[in-house]
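Number of protein chains: 2
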Amino acid sequence: MAVATPRSPLAPSHFPDLPEIPGVRFAAAEAGVKYQNRLDVMLAVLDPGSAVAGVFTTSATRSANVLDCQAKLGGDSSAGAAILVNSGNSNAFTGRAGEGSVAAICRAVSAETAIPAERVFTASTGVIGERLPHDRITAKVAELASTLSGDNAEKAAQAIMTTDTFPKGATAQVSLPGGAVKIAGFAKGSGMIAPDMATMLVYIFTDARVDQADLQSMLALLNARTFNCITVDSDTSTSDSLMIGATGASGVEVTAGTSEFVAALEGVMTDLAHQVVRDGEGATKFVTVNVTGATSDVDARKHALSIANSPLVKTALAGEDPNWGRIVMAIGKSGATADRDLLSIRFGEVLVAEKGWVAETYREEDGAREMQKPEISISVDIGLGLGACTVWTCDLTHGYISINADYRS
Amino acid sequence: MAVATPRSPLAPSHFPDLPEIPGVRFAAAEAGVKYQNRLDVMLAVLDPGSAVAGVFTTSATRSANVLDCQAKLGGDSSAGAAILVNSGNSNAFTGRAGEGSVAAICRAVSAETAIPAERVFTASTGVIGERLPHDRITAKVAELASTLSGDNAEKAAQAIMTTDTFPKGATAQVSLPGGAVKIAGFAKGSGMIAPDMATMLVYIFTDARVDQADLQSMLALLNARTFNCITVDSDTSTSDSLMIGATGASGVEVTAGTSEFVAALEGVMTDLAHQVVRDGEGATKFVTVNVTGATSDVDARKHALSIANSPLVKTALAGEDPNWGRIVMAIGKSGATADRDLLSIRFGEVLVAEKGWVAETYREEDGAREMQKPEISISVDIGLGLGACTVWTCDLTHGYISINADYRS
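So the sequence lines, in the order shown, correspond to chains A and B.
For the first sequence, my numbering gives the first residue as 1, with consecutive numbering after it.
For the second sequence, my numbering gives the first residue as 1001, with consecutive numbering after it.
Rather than coming from a laboratory, the hints here were simulated on the basis of the structure.
It is possible that part of the hints are untrue.
Said to hold, decoys possible - Once the Cα atoms are required to be at most 27 Å apart in a straight line, the calculated DSS-like pairs of lysine-lysine come out as:
no.	chain 1	residue 1	chain 2	residue 2
1	B	K1034	A	K355
2	B	K1072	A	K355
3	A	K34	A	K182
What the hints assert, rightly or not - Partner residues are not named here, just some residues of chain B that face chain A (Cβ under 10 Å, in silico):
no.	residue
4	F1056
5	A1092
6	V1298
7	A1318
8	G1319
9	E1320
10	R1326
11	V1328
12	I1331
13	V1358
14	E1375
15	S1377
16	S1402
17	A1405
All C-beta atoms in this analysis are idealised placements derived from N, C-alpha and C, irrespective of residue type, glycine included.
Chain A extracted, bound-state conformation (with noise of 0.2 Å):
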């Protein structure tokens, strides 16, 4: 889409001073994928030695990026690795044709860095279904190559956007007692809606030494808390990949069990994960649903989503409105247990349902003002065990409609 969305309002002030991960080098490029004269190519190189995970969409229509990483997962870290992003284009439902481009981008990306081309990771953002025009990419690798450093990460956060109304990253500095390691990562993405399928991707770097299976198990936990609890419109997209490189060239061992670093890199992800939804089309309210009280965390997450994903919620956001029956309706439909006489409900500290009904002390006019604050909080207790869960998510306006609906791709 060429039309020009303003930025976010709830945007932060500016792109955070990210640190140099030493081990790790970006180069960005326009390759004209889509769009002439806008960064569209992101290259990250790895020193040997660094680990990789990654957590990817569960689409069954996923793109062939995203099945070619996974089967590139867990192997040898000894040559390095790289991973290369255009935007533009997702590469998605173009059939045979699609790992072509993949491979083809990964032959050249190899010629060009001496990485082995099982250990080149790619992903795609962008339109569905249209062949990817990989010699274009290919045909930057050189340029990319040989403009490598340590302090191009913000020009590598842009070159990843699509409809993005801001570049997306975040950082961390934990001291052990073997020494400090640096976090920093950056984000694309609108919560999944965007026109032409536009898609969540994430790639956080560290110098931390961690041991692969370490790594991949503590980014897959940490994703569970984080970029899995957002939602903009419940829609999955077929391309969403969240990586992380572990370079080790602090020398400081990092594990699963180092809560400090476990701790700093929740932050990152989480950070970034907001500022997906901050960046969600339309979005004019950041909004956090806290769920607790169910029978298990499962049960706690399918009321939080259903509340978070309600059309009828999102709207009375967007109105300011103070409907908390939605609210129970929500939590009515979400196939998880409830028990209306056990109920309650708070907008911010404001406690507006309780025993399956409204609260005496609740006035409509303090749930109003709760509303009408760009953040706002939606607690609901089930009243029934410990199970509990945290979502963040935006409302729905006539923005998401307008890009989404009236513009045509």
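Fit chain B to the supplied structure of chain A, relying on the hints for placement.
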């Protein structure tokens, strides 16, 4: 909501001429439950010997009325039955007070009609969480009971409307060896999307003689193929009710094996279900989603609902954009089995995609022409088995956002 909404562009030209069904009489009145000067309560009385069957929402937060109806189904039919429905207030999430309201209404109807309270069924539709002013309703029961007439069905259909833009009725006549039987029914609803959580209510009557257990199984089976196959925005209400009364006044015996009757009843139910979709808030397109070739009917339904509920698919329909990539996305995320390289997709008769890619014969202008029609069909063959399902839905437009976000209820 007091804002008048213009009649849906997808509405039928007029309310059908419903025949009188011997053994059932209707009345409607203005009780002022929420608004003045509009019909908002209706009473139907069925003669002794009438069988009554019903299917209700599965919401965990369903209304007091729904719980009461479910408990009463299958009772003694020798005393006849009554159905009282109000609009303007859903009596849902009103705690113990809600149960008291239902009991008070049933007592009043019983006193005026001589039908035992255990055979009085009720429904309420409108705002959630506000105490039902049931005394306004009970004050009108004597008037209702004294104005019962076989030809008041259209007034009854009007009295149960909330934000509907037109009353919905359908009828059929079936000639059987034993004689002719008639079916007439009416419905309200905008497919669960409406301010204040208005809901779907359906009442159907026939003069066939049907055993209650047979009537119940017939209704449940046909419901799965009609009302359970429509969706506007995936939000399930707390009050959905579908009831059928068979008075037996024709003397013609019907069972679940009477295929002509079952087909006619399915026709009436499908017609009413389609009218609910045609009145979906903001709807400008009536959309049929056909899925074939799935590994099971259950999987076909998952794919069909994933397509029909996808905000990205629904906004593409609103924008008349033949964006088949979004169909691929919706199939991919459904959770049901699919193989990218076996899928085929059609818009109307136009083959869009097959064998994992866009069809060689497909031209964008052919797809665009299909999208410009007010009635659109999307057909997907999964290519794996014999599972099939058809679902009906509408598009997602600015009208939906305006009704649910801009106006305060």
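Now for the hints, and whether the structure bears them out:
Only pairs whose Cα atoms come within 27 Å are accepted, and K1034/B paired with K355/A is accepted, the gap being roughly 25 Å. With a C-alpha separation of about 26 Å, the suggested pair K1072/B and K355/A falls inside the 27 Å cut-off, and the hint holds. A C-alpha spacing of about 35 Å is found between K34/A and K182/A, which places the hinted pair above 27 Å, so the restraint is violated. Given hint, F1056/B at the interface with chain A, is violated; its Cβ is 12 Å from that chain's nearest Cβ, farther than 10 Å.
Evaluation of the A1092/B hint against chain A yields a held restraint, the C-beta minimum of about 7 Å falling below 10 Å. Hint on V1298/B is violated. Least Cβ distance to chain A is approximately 15 Å, over the 10 Å limit. The interface hint given for A1318/B holds, since its Cβ lies 4 Å from the closest Cβ of chain A, which is under the 10 Å cut-off. At a threshold of 10 Å, the smallest CB-CB gap from G1319/B to chain A is about 4 Å, leaving the interface hint in force.
For the restraint placing E1320/B at the interface with chain A, the shortest Cβ-Cβ distance is roughly 9 Å, inside the 10 Å limit, so the hint holds. Taking 10 Å as the C-beta cut-off, the interface hint given for R1326/B holds, the closest approach to chain A being about 6 Å. With a cut of 10 Å, the hint placing V1328/B at the interface with chain A holds, because the nearest CB-to-CB distance is about 5 Å. For I1331/B, the suggested interface contact is upheld, since its CB lies about 6 Å from the closest CB of chain A, less than 10 Å.
Checking V1358/B against chain A: minimum C-beta separation of about 5 Å stays under 10 Å; hint holds. Hint on E1375/B is violated. Least Cβ distance to chain A is approximately 18 Å, over the 10 Å limit. Below 10 Å, beta-carbon pairs count as interface contacts, and S1377/B has none with chain A, the closest being about 19 Å; its hint is therefore violated. At a threshold of 10 Å, the smallest CB-CB gap from S1402/B to chain A is about 8 Å, leaving the interface hint in force.
Hint on A1405/B holds. Least Cβ distance to chain A is approximately 4 Å, under the 10 Å limit.
Hint compliance for this structure: hints 3, 4, 6, 14 and 15 are not met, and every other hint is.
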